[in-house]
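Top line first, the protein sequences correspond to chains A and B.
The first sequence maps to residues 1 to 340 in our numbering.
The second sequence maps to residues 1 to 287 in our numbering.
Bear in mind the hints are in silico, worked out from the structure with no lab data behind them.
Quick caveat: nothing in here was measured; it's all calculated off a predicted structure.
Be careful, since some hints might not be right.
The calculated lysine-lysine pairs, modelled on BS3-like cross-linking and capped at a C-alpha distance of 27 Å, are [unchecked claim]:
1. B:K17 x A:K325
2. A:K325 x B:K46
3. B:K46 x A:K59
Computed list of chain B residues with no C-beta within reach of chain A, every gap over 12 Å [as the list claims (entries may be wrong)]:
4. M1
5. R25
6. A30
7. N39
8. K46
9. G64
10. V73
11. V115
12. W116
13. S200
14. A215
15. P219
16. E249
17. P256
The beta-carbon is built from N, C-alpha and C at its ideal position, and this holds for glycine as well.
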Amino acid sequence: MTIDTASAERAVAPAARAIEVVGGDLTEKSLRRYLEGIPGVDAVGLETRASALGTRSIKTTSKAWALDRIIELIDLTTLEGSDTPGKVRSLVAKALVPDAADPSTPRVAAVCVYGDMVPYAVEALGSAHAAGSHTGIQVAAVATAFPSGRASLAVKLADTKDAVAAGADEIDMVIDRGAFLSGRYGEVFDEIVAVKAACERDNGTFAHLKVILETGELNTYDNVRRASWLAILAGGDFIKTSTGKVSPAATLPTTLSMLEVVRDWHRLTGEKIGVKPAGGIRSSKDAIKHLVTVAETVGEDWLTPELFRFGASSLLNDVLLQRQKLRTGAYSGPAYVTVD
Amino acid sequence: MSRLTIPKTYKLYIGGKFPRSESGRVYEVATRGGDFLANAAKASRKDARDAVVAARSAVSGWAGTSGYNRGQVLYRIAELLEGRSAQFVAEIMRVEGASESAAVAQVDKAIDRWVWYAGWSDKYAQVTGSSNPVAGPYFNLSVPEPTGVVAIVAPQGEGSLLGFVGAVAPALVAGNTVIVLASERYPLSAISLSEVLATSDVPGGVVNILTGSPAEITPWLASHADVNALDLVGAGALEWVDLQIAAAETLKRVLPPEEGPDAAAPSLDRIAAFTETKTVWHTKGLL
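Here chain A stands alone, though its shape is the one from the complex (with noise of 0.2 Å):
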C-alpha cells in the first residue's frame, strides 16, 4: 500500500484541544500516530466489567430517584420518516407533561428530531424552551445527512445551519464511518471541526454539538475508544452511541468504554464531555444500569442533563409505568399511558 503523502501531509483545520493534546503540528499523520497509540480495550475485561454493574439491586427510595432521574435525562426522540408536524407536537406534549395523572413527574431534558421538525418543536414548546438556558426542555436535532452521513461536506455544513438557525440548541451530528473504517481519521477530525464550526449562532454562542459514532458499524471495542478520542478532540460536546437505525445499538459495554474516555479525558484536561447512549435502551431496568455505570466509571457529577442524555422513545413509558407501580403499590399498564 502507497501512502499519499500529499495528503497525509496536509494540515488539518485548527482545534484547540487537539492542539493541545497532539501537538502544534497537527496534521493527517500525526493524529493518527495519536489515535492508534492509544492502547486497545481488553474486550472480555470490559464486558464483565459492564455486567457486574449491571447486577446491582436498586430498591425503592434508590429507585424512586433513579427513575426520576432517567426522565430527566431523557431526550424524547422522534426519527421516523413518516413524521409530522402533528406528531412533533404530541411528542412535545408528553415532554412537558409525561404522565398527566401525576403532576409531580419531571420533564424530560430534550426533544430531538429531524432538521426540518425544529420550528414545530419550537413553536410547540413556547416558553418552555430552553433557548440557550439550562432550565426548560431543549431542542435538538440530527443533523450531518442522518443516519447515515453519506453526502457532501457542504451539504452536512448547509444542514447544521439551518436547523441551528431554526433554534435547535444541540445537534446531533453523525460521523462519516466509511472515512474512519479506511483509517481517514483527518477527515473525520475536520468534519467535526467545520459542523463545530456551522453550530454557532448569531450571537457568537454556540448549539451543543453531540458527536455519533454509531458504534453497531464500527467492530471493535478499539474503534470505539478511538472514535471517542477523535470525537472529542475534534470539539465534540457530547458522544452518542448510535443512531437508533442500526443494531447493535448502545449496549452497556459500548457505553461503558465511552464513559472510561470522558473520564480519561477528564484527568487529563479537567474537562468534562457529556455521553449519550441512544437506541434499544427500553426498560428501566436497562436504563438503571446505565445510571449506575455512570456513576461506578465517571462518577455522580455527571448524573445530570449536561453530561448524560438517554436517546429514547419508548424508554420514557416504561419509566412511567415503574412510577405507577411505585406510587399506586399496583402494577400499572400500557392503557394508563400515552400511544406513541
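We have chain A already, so just place chain B on it with the hints.
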C-alpha cells in the same frame, strides 16, 4: 434391580415457555399419603407481572382468530388430552388419592368439557348477540367481544383437572387470554396440561399457568391495571371480598367464588361473563 426415582422440579408456563420462578422458589407437592412427589415452582408477583405482559401481547392475535378457528384449536386440546389420559389418571390417583375409576371419570369429563366449549366458539355470538329493533332506518347489531386479559383462580380442591378446565375453557372460547393460578395442593394436572397446551395449536401467551400460593399472588393480579377481568371461582378460601374491592379500582369484571362439585359447571353464562357487547348502527339506505 431397583431404579433410582427421578423427582421432578416443575416450572411455570408463561408466554408459551417454561421458565423457573423469577424468585427461584419451589414448594413440595405430596401424595395423598404425605410422601414427596415433586417440586413445583412457587410463583412470585414478578412472575405474575410477566404473565400479564405475555397475556396482553397475545390478546390481539387470539381475539382476532375466527370463532371457527378457535373452536378447532380447543378441540385439538381435547384430542391431545385424550392421547395422554393415562398420565393424567395416574397423577390424579397419586395426588388426590382417587380410585382409578374416579380418576378416569374425571379425565373423561375434562375432555368432554373441552369439546363442549369448543363447540360454542362459533355459536355463542349468535345466542348472546342480537339484532335490535330501532326507530329509524338503521340496522342495529349487538355483538360480543372478548374482555381481554382474564386472571383466574382455579378451583383448589379435588377434581383438580376438571375444575381447571371448567374455569379456563369458557374464558378462552370468546377470545380472552388467561393467567391461571393452579390448585396449590394439587397442581400436577395443571402442570401436565401446560405440556399439552405447549404442544397443541394454542398460541404462546394465550394460557399462562402459575403454580404456588394463590393467597400471595391473587392480590397482585386483582390490583393489576392491565388485567381486565378476575374469575375468583377457586378463591373461596382467600380474602375474596378484598380481592373484589381491589379489582373494582380498575373496573374489572369479577366472578365470585363457587364451592362444591358443581363449581365452574359448564354454562353459556361463563362464556358470556367475559365478553363486552359492541353495538353498531348501520344505515339501511346505502345498502
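Now the hints, each set against the structure:
no.	hint	verdict
1	B:K17 x A:K325	holds (26 Å)
2	A:K325 x B:K46	holds (12 Å)
3	B:K46 x A:K59	holds (14 Å)
4	M1	holds (46 Å)
5	R25	holds (17 Å)
6	A30	holds (32 Å)
7	N39	holds (26 Å)
8	K46	violated (10 Å)
9	G64	holds (18 Å)
10	V73	holds (26 Å)
11	V115	holds (34 Å)
12	W116	holds (33 Å)
13	S200	holds (28 Å)
14	A215	holds (17 Å)
15	P219	violated (9 Å)
16	E249	violated (7 Å)
17	P256	holds (21 Å)
In this structure, the earlier hints numbered 8, 15 and 16 are contradicted, and the remaining ones agree with it.
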